Amino acid sequence: MKLTRRDLLKSTSAVAATALVGSKAFAADKEGTLKVLSFGGDAQTTAINHAIERFNKKFPKVKVELAMDPIATGWGDYVTKVLGQFTSGDTADVYGTAIETFQAFASRDLWMPLDDYVKANADFSDFAPSLLEQGSYKGKKLYIPIGWNNIMINCNLDLFAKAGVTKPADWTWDQFREAAKKLTVKDASGNVSQYGYEVPNQNFFVQPWFFSNGTSTLSADWSGSNMLDPKVAESLQFLHDLIHVDGVSPVPGSDTMDNQFVGGQVAMISRGHWIVENCKKANLKMDIANVPSKATPNTVIGFGAYAINKNTKDAELAQALVTELTSVETQKEEGVGGGGVPGRASAAATPEFLAFPPSAALYYASLPHTQPVPSPANFQEVEKIFMRYYTAMMSDAVSIADGCKQAHDELTASFDRLKKQQG
Amino acid sequence: MQTQSASRWIDRAILSVMAVLGFFMVMPFFWLFSMSFRSVADAYKMPPSFFPPNLDFKNYWTVLHTSVPFGQIYLNSIEIALLVTIGQLVTCTLAAFAFARLSFPGRDSLFFILLVGLMFPAQVTILPIYLGYAQIGLLNKPMGLALMYLTSSFGVFMMRQFMLSQPRALEEAALMDGAGYFKIFWRISLPQLRPALSALGIITFTQTWNYYFQAKVLLQAQNSMNLPLAMDALRGYMQSGNLSLVMAAMSMAVAPVILLFLIAQKMIIEGVTMSGIRG
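As they're listed, the protein sequences go chains E and G.
Heads up: the first sequence begins at 1 in the numbering used here, then just goes up one per residue.
Heads up: the second sequence begins at 1 in the numbering used here, then just goes up one per residue.
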């Protein structure tokens, strides 16, 4: 029998139509409940809710229950929360999480490998390959990226103009220090009414001060402490002096100073793209600059991702939801709303995303100079130990030398415990 | 005459001290409401102004239109607070009657054990409760949080103290006339307990309205949250949100409690005084 081109076209169309009808029928018939635990503020929650609405158009009989965590006290507490869920057996099917937690979760074998799923979705090539690589553990892809945040210096442009300071794209530690001094306003008695900079109060925000000095608080492979490196002490001394010698920053407390930045009481703060959400709503004239460099121009990067519980009842359904949660549409909405720099290059190249802040292109331009936030499997302990000593050193409760030594000892003990646990 | 004049001056001095203390107690509430009508820029303007520059309700509107389901969360808080309040009024009163009026073996030891419950903070008991709730599907349900507090050691103690201060003559007469214990409780003891019931009701409602730690562990889904958790969510990712918005949400959250206190303050004071509990 001779097969004409028309016959081939007809039969192919018939097969495709059957497959399409079949897949729609499959989707329409699927029933069940999917639980999602993710993180973020209003921008992310709105984008995720819209993604769930789109998912429900395809799967009308599937109920999606969303829980959001604002990460008010750092990622360590989020790790504790998720591990608590796995201990109790009351788990979600899909988890939104961040690089800080990757090893802590992956080393406990909580997630389903997603290599086949990634291979089947050519669409994922839109993500920077490094994001998918960093979402792998022991050769298996476990995390599908969402967006990322690299810490930049956020500048209140009105305060810069008032102080006659030009916002640079790049600067050194010394130039930054001089700018911070000029941006600090004190009255005759020395009382500060406007700070030049907020010395950070969270682990993630403070990391660029080590990276830009060519060091880190942990060893390069995140397997031990590096607190005794003199460069760590040098970075801490620099931050300490901004507070206690120059008086350009308050002592870091438990609350962040995002509102004071928007309100014009602090001229510069170290934050990621998420700050854009509040600045936009407040019509603040702000822009970003690269972090000041000393030995390197490096800053820190963290990125969010979705993982699927390996015990989920319906992996196919969970994957379909992740496809929607990581779609271009969702990423565009999160990016414009201010939930992070979209992991998909196409979503970060839109005029809407690049419109605010004026130098928004710097987020992607600085990508080659980023280092992931040190995130070992014992991250929740490491973060708490470091922050406890960091806060004590910044408030002069302990000297930099003693603080580094004591933090090193505690970190070393924590890593020893981890090694024992991992055999 | 001189003594009368001196005592008037003492009264005035006491009133002045009370007025100053009252001012400091009211100030945080005033500042809360004042902040809720300001933009972030106005909220952090230096020097700060006592009154908001204008009465802008934008923050209130925004609270009701964010991704945080504030209306649903408000209803959850009402549900939890009402269930716990009614539950405690019933269980604590019945238990207090047994401890105050009945004689049974081991009564005082049981009461002592009950009081030991006052010494354990919620952090000690939350883990087994969390694990148990996970097994029976009570996580992420406002009812689950309410269930934990349907009775309380403090409530039993307070009601017992109140009952002990009441004369027993009427109850003994009823007993001699052949009334059963429940009839005595219902017809004689309960009507005398009105001030104490009001005080316990209001104290319990206020406490329950403000549950944070327990709710944070047990209620993680957005639709099941209570108001203190909504404040966390409105604070934004890594505390980056607009604080004036949180103040507007807080103003709405504290309104029922303030209203309740203003309406029933006489009964609270009377109840607490008569039961011999010091705050």
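Any given hint could turn out to be false.
[To be verified] Cross-link-like lysine-lysine pairs, in silico, DSS-like; alpha carbons within 25 Å at most:
no.: 1; chain 1: E; residue 1: K81; chain 2: G; residue 2: K216
no.: 2; chain 1: E; residue 1: K63; chain 2: G; residue 2: K45
no.: 3; chain 1: G; residue 1: K45; chain 2: E; residue 2: K167
[As the list claims (entries may be wrong)] So the derived list for chain G, only partly shown, Cβ under 7 Å to chain E, looks like this:
no.: 4; residue: S7
no.: 5; residue: L131
no.: 6; residue: Q220
no.: 7; residue: A233
no.: 8; residue: Q239
[Stated by the list, open to error] Covered, in the sense of this in silico footprint (three residues per stretch, anywhere, with C-beta under 8 Å from a C-beta of chain G), are these stretches of chain E:
no.: 9; region: 44-54
no.: 10; region: 66-79
no.: 11; region: 88-101
no.: 12; region: 263-275
Hints in this document: simulated from the structure, not taken from any laboratory.
Nothing here was measured: the structure is a model prediction, and the numbers come from that model.
Glycine included, each C-beta is placed from N, C-alpha and C at the ideal position.
Does the alpha-carbon distance linking K45(G) and K167(E) stay inside the 25 Å limit?
The hint holds at about 23 Å.
Interface hint status, A233(G) versus chain E (Cβ within 7 Å):
holds, 6 Å
A closest beta-carbon separation below 7 Å is what the hint needs, so does L131(G) meet it against chain E?
holds, 5 Å
Going by Cβ atoms only, is S7(G) closer than 7 Å to chain E?
violated, 45 Å
Given the hinted pair K63(E) and K45(G), is their alpha-carbon gap at most 25 Å?
violated, 46 Å
Tell me whether the statement that chain G covers the region 66-79 of chain E is true, taking a Cβ distance below 8 Å and needing three residues at minimum.
Per the Cβ count (7), the hint holds.
Hint check: 7 Å Cβ-Cβ cutoff, Q239(G) to chain E
Status holds, d = 5 Å.
Taking a Cβ-Cβ distance under 8 Å as contact, does the region 263-275 of chain E have three or more residues in contact with chain G?
holds (count 6)
For the region 44-54 of chain E, does the count of residues with a C-beta closer than 8 Å to a C-beta of chain G reach 3?
holds (count 4)
Q220(G) was flagged as interface toward chain E. Is the shortest Cβ-Cβ separation under 7 Å?
Holds, because the Cβ-Cβ distance from Q220(G) to chain E comes to roughly 4 Å (cut-off 7 Å).
Between the region 88-101 of chain E and chain G, are there enough contacts, at least three residues with CB-CB distance under 8 Å, for the coverage claim to hold?
Satisfied; 3 residues make the cut.
Please work out if K81(E) and K216(G) have their alpha carbons no farther apart than 25 Å.
It holds: about 10 Å lies between the C-alpha atoms, which stays within 25 Å.
Violated hints, in rising order: 2, 4; the structure is consistent with all others.
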